[in-house]
Amino acid sequence: MAFFRKRVSRRSILSALGALAIGAPVARYAQLLWLDRSLPPVTEPELVFVNGWALDASDIAPRAASSGAAGPASE
Amino acid sequence: MLYDAMIAPPPEMSAGYDVCILGAGAAGVPLALKLADAGKRVVLLEGGGLETENRSQDLYYGDAELGYPYSPLEACRLRQLGGSTQHWGGRCAMLDPHDFEPRPDLGPEYDHRGWPIRIDALAPYAAPACAVLGLAEFDAPRRAIPGTETMERVLYRWSGAEPFAGVIDAQPVRMRERYSADLEAASHIDLILNANALGFALDPDQGRILGVRFQSYDGPVRSVAAARYVLALGGIENSRFLLNENAKHQNRLGNTSDMVGRCFGEHPHVRVGTYFVSKRPISWLPDVAEQVDTVLHRHKSEMIVGPTAAFMRANGVMNCGLRVQRLRNQALSEELAAASPLTKGLIFGEDYHYTGFLMAASEMAPDPNSRVRLIDEVDRFGLRRAGVDLKINPIEIKTKQLAAFEVAKMFIRTGIGRVWLEPWVLSGETPDLSFGNHHLGGCRMSETVETGVVDADCRVHGLENLYVAGSGVFSTGGAANPTFTVVQLALRLADHLCAR
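Heads up: the sequence lines are chains X and G, in that order. Position one of the first sequence corresponds to residue 1 (the numbering used here), numbered consecutively onward. Position one of the second sequence corresponds to residue 1 (the numbering used here), numbered consecutively onward.
Certain hints may be false.
Here are the simulated SDA-like pairs of lysine to any residue, each with C-alpha atoms no more than 20 Å apart in a straight line [what the hints assert, rightly or not]:
1. G:Lys344 with X:Ala57
2. G:Lys344 with X:Val50
3. G:Lys279 with X:Arg37
4. G:Lys248 with G:Leu198
Derived by calculation from the structure, the hints in this document are not laboratory data. Keep in mind the model is a prediction, meaning the values are calculated, not measured.
Same shape as in the complex, but just chain X (with noise of 0.2 Å):
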């Protein structure tokens, strides 16, 4: 037991619990960001309405046409 009390210091405590309070939120932006199903970025939107909705001429038909899904949630 005095083998073990040596070997864990105040310092690596403090150490591996001030890593945990970084690292686990930095690691939990990191799930949420990898877990994300974004929408593409378009640097040049061309609007179109649909029943109110503004949205890119790509989010009905090249890529509808292309998955024969609903646009981007599909994918």
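Since the structure of chain X is provided, determine the placement of chain G on it from the hints.
Just chain G, lined up with the frame of chain X:
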């Protein structure tokens, strides 16, 4: 010193005051305190008391529906010590540099001359105004949005927001609570409550105000004289007081061109759409420094964007603050989700994570036909009441429309989500508007009496010693909440009065 006209007037009313200020609100209070600091003797007449009372508030009744239906005039402002700061929301923003500049592209139906001053004239008063209103300093009205050339982010602060305190609980600075002790303690200020200004004594030959008559609710008429006079009664009330006076004095009080009350404007508010956001970790703010700043100063997590000056000029529209309101952890309604092929397949919590509303509050073009008038009904003191004849023109709708389209494009450009627009945005019909209780114009600042009421120093055209303070002097409304600019202008006026 604090006096109540219901009880007794100050004992030395005949003693020479340097300045007489009518109205102890957002403009009158900082003006009085700064003048007193500079050693000027000030008498500050406030028509109301310490609290809101029916007998005082009753004087604000009028006709709000001579034009587009406006807010009830007795409800959209407060007549007491502190004025309408006693119920304001506390959002502080600066006018933009381009708000001051001429807009010849607007066409002949609007007054396109802009202000006779530029934003540089107000810049020295930004930091002092922050101190008066209890907010962290900020030095620029806007910031660019990377990748977007048509819209910029509008910067704002909240009055009274303490660091690390929940902003929703923050109490905006109310002039009565914050400054009544200072007013009472100031030996150079005589603040008289329940002192309702009835009219001026005018020397028409010299173009000078000689004195002002006032009365409490049940006492005799009294008068007080000063070297100079400042109307700080509020945007609508300044026009009303001057219109009543001009009826008695052959339009000598800045009204030889019938401009008193004209170019009255507001910031019409309306919902323009609903958005969804497809990213979970999200900040509206592009860089780390701003995010830290936001946390420290506890801004509401709401972004405001506005059109650039180039966009406004290219499209013939006015300024607009388009609020991307707080993110809600809530799905789109079934009806909205089913309305397009893109949104039909989206799953809340997987494909998108937040929704929110878009609100537009835009500037009105200076229209001389939009005005404060007098109606026939009189108040208990025999003064004709105010009527508001507000004109909503197609340019106001176009301004909101185009701003909404640009924000929709911004969502697409960044891939952050998409926007659904209210039917009126696409049809161009005038929607049901609400208002910010921002009473702009009516005593607008101008080079000449032909186009306004006061000059660049806020002095009434044609009179040597009468000035106007408050949002009524705004030559254009911009899209910023006006209180911050009102305080800047009041502090600038104090410097002018001290220098003379």
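Evaluated hints:
1. G:Lys344 with X:Ala57: holds (16 Å)
2. G:Lys344 with X:Val50: Roughly 12 Å between the alpha carbons, so the hint for G:Lys344 and X:Val50 holds.
3. G:Lys279 with X:Arg37: holds (7 Å)
4. G:Lys248 with G:Leu198: holds (12 Å)
Against the hints set out earlier in the document, no violation occurs for any number.
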